[in-house]
Amino acid sequence: MAKEQKHVIAMLVEDQPGVLTRIAGMFARRGFNIDTITVGKTTKKGISKMVITVIGDDRTLEQVEKQINKLVDTIKVIEMPADKSIIRELCLLKVALPDKKAKEEILRYTKIYKTKIVDITTKDVTAELVGSPDKIDSFIELMKPFGVREISRTGVTAVSRTQNGN
Amino acid sequence: MKGSEAIVKTLLKQGTDITFGFPGGSVIPLFDAFLDYHGKIKNVLVRHEQGAAHAAEGYARASGKVGVCIATSGPGATNLVTGIMNAYMDSSPIIAFGGQVPVSLIGNDAFQETDMMGITLPITKHNFQMRSQKDVVPMIMKAYKIASEGRPGPVYIDLPKDPQVGEVNGDLPKEVMIEGFQPTLQPNPMQIKRAAEAILKAQRPLLLVGGGVIIANASKEINELLELLRIPAATTMMGKGAVDERHPLILGNVGMHGRKIANYASVHADLIIAIGCRFSDRITGNLKTYAENAKVIHIDIDPAEIGKNVKVDIPIVGDAKNSINALTAALRKLLKKSQESEWSKRMRELKATCDKCVKFKSSGIHPKMVMDELNKILKPEDIVTTGVGQHQMFAMHYIKRSKPRTFISSGGAGTMGFGLPAALGAKVAKPNNRVFCIDGDGSFQMNIQELGTAKEEGIKTNVIIMNNSYLGMVRQWLEIFFHKRYSQVWLGKVPDFVRVAEAYGLKGLRVTKPSELGPALKESVKSDVTTVIDVHVEQESNILPMLSPGGHLKEAFGGCIKAQGQFF
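Protein chains in written order, with my numbering: chain A, 1 to 166; chain B, 1001 to 1568.
Since the hints were derived computationally from the structure, they do not count as laboratory data.
Note that the structure is a prediction, hence the values are computed from the model and not measured.
Just to be clear, a hint being listed does not mean it is correct.
As the list claims (entries may be wrong) - Stretch by stretch, here's where chain A covers chain B in the computed footprint (C-beta under 8 angstroms, at least three residues):
1. 1116-1125
2. 1173-1182
3. 1194-1206
For every residue, glycine included, the Cβ atom is placed at its ideal position computed from N, Cα and C.
Bound conformation, chain A alone (with noise of 0.2 angstroms):
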């Protein structure tokens, strides 16, 4: 069996009512699942990045590169393999500050995840963190204990890291 994994795939497309919708569409006609997806302006007028996280093996990985390469809105499809992109997201995290005790537990490891807090009231306190999606995870698992009350992820967006060297 093939090992399913992650695959964050970026891609150039055109800026086009709909667009997404193709997009979408394919990966559900074809019973590919997207994990995550972000879609922003580029450079570029009239061209948007857009970018895909999906779960499967290899092959399922190529299927999709080729099946969004297909879509003529599409202009260009690249996988960002983790090791040689730099891969980022971006979580609002409101969690309960039951107490005191647990108010200076919570400020402490939002220290040490170097997260920033956007509000604080008596009740509960909002961090702004950007990170890897791993790190996100964990931070999570971390403030699950303290509840959490409200969590909004934007899903990953990508772009490549440049070689020593090259």
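Use these hints to put chain B onto chain A, whose structure you have.
Same frame as chain A, but now just chain B:
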């Protein structure tokens, strides 16, 4: 000029002088513009939009040009859907225009508003919505490019009323560029070299010829390759006609209803060279056991087809014609002397045996008798279309074709009712070729209304209905896989197809005895109008051998296979 006129001008510029369509409120301006170009462009008025889409595909497949169909908004457009899907599955270049509510009303659920962009998204190569008259010319030009280049396919254009009536600058750009659409046409020379070496090393090579060879107009090239290699070749249904089936090394169709010899070769080959085929389940049977002892070279213009179903040893992305030429050139360099191998000799012998071993008992007219009679009168350039069902498999199995674009059938989609409109489209494309539609009584009734089109547009075809009063293929499955528990397959003795033909002002002939077959076909061909021959075939004959869905190819059974698992 008005947008509608610009549409007509662009169609003409792209080489379309015939469309197939049906009017309605939202495409009135477009058809109005047709009047001003009388004598230059003509619309064939169909009786149902599904007929328009199939006719456009029949036209495209007979001619190699892009077929165009037009329907109005809402139900008009949704009626095109089956035909668009059929063209998608069989990689046929068609452009389908569907009307739409005015741009200002889109999203308001106005009369006949339908999200055709959403509906056609998964069944088109691409689709466009014209939101302004500025879109008219470039969008249509892009549609032609996308429909016809690379792996062909259908393009849908959503056509609101406003761009048709707005003022357009009629200048046509020479060329349009689509950044995300640049098919690979030239094969990689290293891969070609590897393929050539593998072919020469193989003991038992088999060429598998798919529809891509016909689409790429590569029949001449594939014949040259076969002549050089002198190896056996089998075809998919879509590849039927790409090579001359009368040749002793052309084994015929493979797969679920394939010929015994073709499936035997598929199972025993040690190298399968597939060109322009997508290894559909109807060809491979169980994917796990398909080509289990063979290496696979897969040549296709669509990279996504390579490795999708079957594990490939040597993938080659490229146009079939270019790839075959490159392969032949590479082989010429390596091959010292062209000679027939033991394997080829054996295939030649077995094919001859196989041709003789067809056995059937019949009290009345067995479907094979109809095919035999047809084979007697068919000329190489005659075009045969089919509906979907048993009659289609009989035709695939027994009708001999030697030229490309002369066998037009619904492959990937299996669309009942395809035969008649496709025949009309084919005849329009090739007015000098005789066109025969082999259909079943069930399949024919799905687009029987197009007899009206045949009459009023004066399109002469020959329709042969293999009438068994059953939905024959389903009945066969129920007999074999469901212990003869017949559910929902009896159609009864209606209608009287002879009288239906006559009611449409056409000719109808009835055949109830084998001896009447030949004369009826001759009479049909002689007649000036489309003629419907209602052949009362034996009610419960089966198309055999066959393979259970998902089975191993060597498990094909029935007909000339004496015991399952034993080909010869």
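Evaluation of the provided hints:
no.	hint	in the structure
1	1116-1125	holds (count 5)
2	1173-1182	holds (count 4)
3	1194-1206	violated (count 0)
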